[in-house]
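Residue numbers (our numbering), protein chains in the order written: chain H, 1 to 112; chain B, 1 to 111.
Simulated from the structure, these hints should not be mistaken for laboratory data.
Cβ coordinates follow ideal geometry from the N, Cα and C atoms, glycine included.
Each hint should be verified, as a subset may be incorrect.
Cut-off 27 Å, straight-line C-alpha distance, at most; resulting in silico cross-link-like pairs (DSSO-like, lysine-lysine) [unchecked claim]:
#  : chain 1 : residue 1 : chain 2 : residue 2
1  : H       : K56       : H       : K68
2  : B       : K7        : B       : K65
3  : B       : K7        : B       : K96
4  : H       : K67       : H       : K36
5  : H       : K36       : B       : K96
6  : B       : K96       : B       : K65
7  : H       : K36       : H       : K68
8  : B       : K7        : H       : K36
9  : H       : K70       : H       : K56
10 : B       : K96       : H       : K70
11 : H       : K36       : H       : K56
12 : H       : K67       : B       : K7
13 : H       : K56       : H       : K67
14 : B       : K96       : H       : K56
15 : H       : K36       : H       : K70
Ranges of calculated distance between the beta carbons of each label pair, as one might list FRET restraints [to be verified]:
#  : chain 1 : residue 1 : chain 2 : residue 2 : range
16 : B       : N72       : H       : Q57       : 35 to 41 Å
17 : H       : Q59       : B       : I63       : 41 to 47 Å
18 : H       : T95       : B       : G40       : 26 to 32 Å
Below, each chain spelled out in residue letters.
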Amino acid sequence: GEDVEQSLFLSVREGDSSVINCTYTDSSSTYLYWYKQEPGAGLQLLTYIFSNMDMKQDQRLTVLLNKKDKHLSLRIADTQTGDSAIYFCAEWVNTGFQKLVFGTGTRLLVSP
Amino acid sequence: SAVISQKPSRDICQRGTSLTIQCQVDSQVTMMFWYRQQPGQSLTLIATANQGSEATYESGFVIDKFPISRPNLTFSTLTVSNMSPEDSSIYLCSVKEETQYFGPGTRLLVL
Numbered sequence: 001g002e003d004v005e006q007s008l009f010l011s012v013r014e015g016d017s018s019v020i021n022c023t024y025t026d027s028s029s030t031y032l033y034w035y036k037q038e039p040g041a042g043l044q045l046l047t048y049i050f051s052n053m054d055m056k057q058d059q060r061l062t063v064l065l066n067k068k069d070k071h072l073s074l075r076i077a078d079t080q081t082g083d084s085a086i087y088f089c090a091e092w093v094n095t096g097f098q099k100l101v102f103g104t105g106t107r108l109l110v111s112p
Numbered sequence: 001s002a003v004i005s006q007k008p009s010r011d012i013c014q015r016g017t018s019l020t021i022q023c024q025v026d027s028q029v030t031m032m033f034w035y036r037q038q039p040g041q042s043l044t045l046i047a048t049a050n051q052g053s054e055a056t057y058e059s060g061f062v063i064d065k066f067p068i069s070r071p072n073l074t075f076s077t078l079t080v081s082n083m084s085p086e087d088s089s090i091y092l093c094s095v096k097e098e099t100q101y102f103g104p105g106t107r108l109l110v111l
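Using the sequences and the accompanying hints, generate a full structural model.
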């Protein structure tokens, strides 16, 4: 089945680290993505990880993948007010028709 | 990375009418998709736009309501037919190369 779950809301203070979690169900996923959507704006690809990796770091972003537990996380170091947005995880599903399945989205609020 | 443009960027339409959304990519891509994002919701795949053949629709979406054209590897259209207020959403075109990119979206309000 295709089901991607995220917590709905996260609130942090500026300068702290943020960790956004995601669980997925399809074991055939090859790529897992993180997208950012600011209010009234389109989708921005933040980073992605291939399923044979367990970690990927890109500047302030760290992605951790636990394939056994089908758990993905996005850590944002030194969170800034400009990081306030909705963050979507998504898995690329290879069973049957190939497609990208999105999570429910996590709204991150960064307070000064 | 592919650069994707959509037209129109937004529209306000009357119920019962139809709107065609265009998606243009700056390079040839094999895989092209149409997504819908209802207000306050996540993205849901409508269909995969196949070049030279009929689109492949997801459960809950039908060709009569959302006809799709894909005449070549850089262009596709999505039509929202016989619109109702429930069709008010953002419609996004997407392409997959080594990773997946999204267009800026078309914001549709149906009155």
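Okay, the hints, checked on the actual structure:
{"no.": "1", "hint": "K56/H - K68/H", "result": "holds (17 Å)"}
{"no.": "2", "hint": "K7/B - K65/B", "result": "holds (19 Å)"}
{"no.": "3", "hint": "K7/B - K96/B", "result": "holds (20 Å)"}
{"no.": "4", "hint": "K67/H - K36/H", "result": "holds (23 Å)"}
{"no.": "5", "hint": "K36/H - K96/B", "result": "holds (17 Å)"}
{"no.": "6", "hint": "K96/B - K65/B", "result": "holds (25 Å)"}
{"no.": "7", "hint": "K36/H - K68/H", "result": "holds (26 Å)"}
{"no.": "8", "hint": "K7/B - K36/H", "result": "holds (22 Å)"}
{"no.": "9", "hint": "K70/H - K56/H", "result": "holds (16 Å)"}
{"no.": "10", "hint": "K96/B - K70/H", "result": "holds (23 Å)"}
{"no.": "11", "hint": "K36/H - K56/H", "result": "holds (17 Å)"}
{"no.": "12", "hint": "K67/H - K7/B", "result": "violated (39 Å)"}
{"no.": "13", "hint": "K56/H - K67/H", "result": "holds (14 Å)"}
{"no.": "14", "hint": "K96/B - K56/H", "result": "holds (21 Å)"}
{"no.": "15", "hint": "K36/H - K70/H", "result": "holds (21 Å)"}
{"no.": "16", "hint": "N72/B - Q57/H: 35 to 41 Å", "result": "holds (39 Å)"}
{"no.": "17", "hint": "Q59/H - I63/B: 41 to 47 Å", "result": "holds (44 Å)"}
{"no.": "18", "hint": "T95/H - G40/B: 26 to 32 Å", "result": "holds (29 Å)"}
Against the hints set out earlier in the document, a violation occurs for number 12 only.
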